[in-house]
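Q: Here is what each chain is made of, one letter per residue.
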Amino acid sequence: MNKTENQKAWLFVLPVVALVAFNAVIPLMTVVNYSVQETFGDNTFFWSGVLWFEQVLHSERFHASLGRQLLFTGTILVIEIPLGVAIALTMPRKGVWLSVCLVLMALPLLIPWNVVGAMWNIFALPDIGLMGWTLNKIGFDFNFTRQPGDAWFTLIIMDVWHWTSLVVLLAYAGLSSIPDAYYQAAKIDGAGRWAIFRHIQLPKMKRVLTIALLLRFMDSFMIYTEPFVLTGGGPGNSTTLLSIDLVKIALGQFDLGPAAAMSLIYFLIILLLSWIFYTVMMRNEEQ
Amino acid sequence: MGLSWMAWTWPTAAFFVFVAACLITLTVWELKVPGGDPRHGVFGIDTTRGDRLFISLLGSAFIFLAWMGLVSTLLWGPLAIALVWGFLVFRYV
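Going down the list, the sequences are from chains A and B.
Sequence positions in the first sequence follow my numbering and run 1 to 287.
Sequence positions in the second sequence follow my numbering and run 1001 to 1093.
No wet-lab data here; the hints were simulated from the structure.
A quick note: this is a predicted structure, and the numbers were derived from the prediction, not measured.
Beta carbons: idealized from backbone N, C-alpha and C, even for Gly.
Heads up, some of the hints might be wrong.
Claimed, not checked - Reference excerpt, derived from the structure (chain B facing chain A, CB under 8 Å, subset only):
id, residue
1, W1005
2, M1006
3, A1007
4, T1012
5, I1045
6, L1058
7, A1061
8, F1062
9, L1065
With the sequences and hints as input, model every part of the structure.
A: Take a look at the structure:
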């Protein structure tokens, strides 16, 4: 039998190729070009080689931002994943309350990121914000605009409030896919609540939890808007995460060379994580 | 307006030409000698030739960064390591 080949399908890919070229590849090429040059404006550039890469890699400021970024991402993952699973386990399986719970869980995800930052900024203000005022009234010396610990506390609970719902919805989808026969078999065997969770629910949620974990990892690693609106990176530099630091260097100081080098290092870290994300997902699919 | 705003330099242009040449070579190689099904390599993952090129390039980028961060800005050393890395990836991954 003759094999039929039709290469016309490639034409349909062209618009996407053009779009990606203009909004991703060409800007990325420009960033690579900027990363090896110095400029003082007026579109004049001077060759500087890999100086900016060396400077960024040895920069204590970059190390500190990266450290804060890893601390932030690690902390929110440790809180959001178990909390999301716990909430999903307590949600009703059917009835009107299920719809109510799902809508409530989806609400934080629908709010634009800058609005979330503004909401929590006002909510946590020590003099007029409900949370800040209440904490001060019950004896805590809370002021997120002045104390780094308080700024971190507010930043973490803001992210937990905004994104735990995503983990809940994914975990709930995983739980919903478990047939009743599994629970009936566990009941016959006399399995307790913990045994059911450990040997039935957790293995069945493995795939969705992997997706939730990696999505939250990547998303929190690139976070910008919410912490920028909430604290602006302060007090001092205490909540300056990688993306905020990058914008400060590129637009605040107009140091395009170092900012471009930092962007590329940041991009490579994200690319590596995305590849791990893709590989883990594909392996899970195969299994 | 031209392309002056992109601030092209010969070394960066050569880098992108190299990446494009890799992609074209891989396409021609695949058309002439199809690579067939993905291979299960030492990392325990299935990879095609394209995956191996991606792993080679990404790994090489981190080799260069590690060298610049830990050793020096003279880049012949990491270039040699990256070439060996690329060979090993295409051979065993």
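Q: Against each hint, give a clear statement of whether it holds in the structure.
A: Status of the hints after comparison with the structure:
1. For B:W1005, the interface hint holds, the least distance from its beta-carbon to any beta-carbon of chain A being 6 Å, beneath 8 Å.
2. Interface hint at B:M1006: satisfied, since its Cβ lies 5 Å from the closest Cβ of chain A, which is below the 8 Å cut-off.
3. At a threshold of 8 Å, the smallest CB-CB gap from B:A1007 to chain A is about 4 Å, leaving the interface hint in force.
4. The closest approach between the C-beta of B:T1012 and any C-beta of chain A is roughly 5 Å, which is under the 8 Å cut-off, so the hint is satisfied.
5. Given hint, B:I1045 at the interface with chain A, holds; its Cβ is 6 Å from that chain's nearest Cβ, closer than 8 Å.
6. Evaluation of the B:L1058 hint against chain A yields a held restraint, the C-beta minimum of about 6 Å falling below 8 Å.
7. Because the closest C-beta pair between B:A1061 and chain A is about 5 Å apart, less than 8 Å, the hint holds.
8. Given hint, B:F1062 at the interface with chain A, holds; its Cβ is 7 Å from that chain's nearest Cβ, closer than 8 Å.
9. Residue-level restraint check for B:L1065 holds (minimum Cβ-Cβ distance to chain A is 6 Å; threshold 8 Å).
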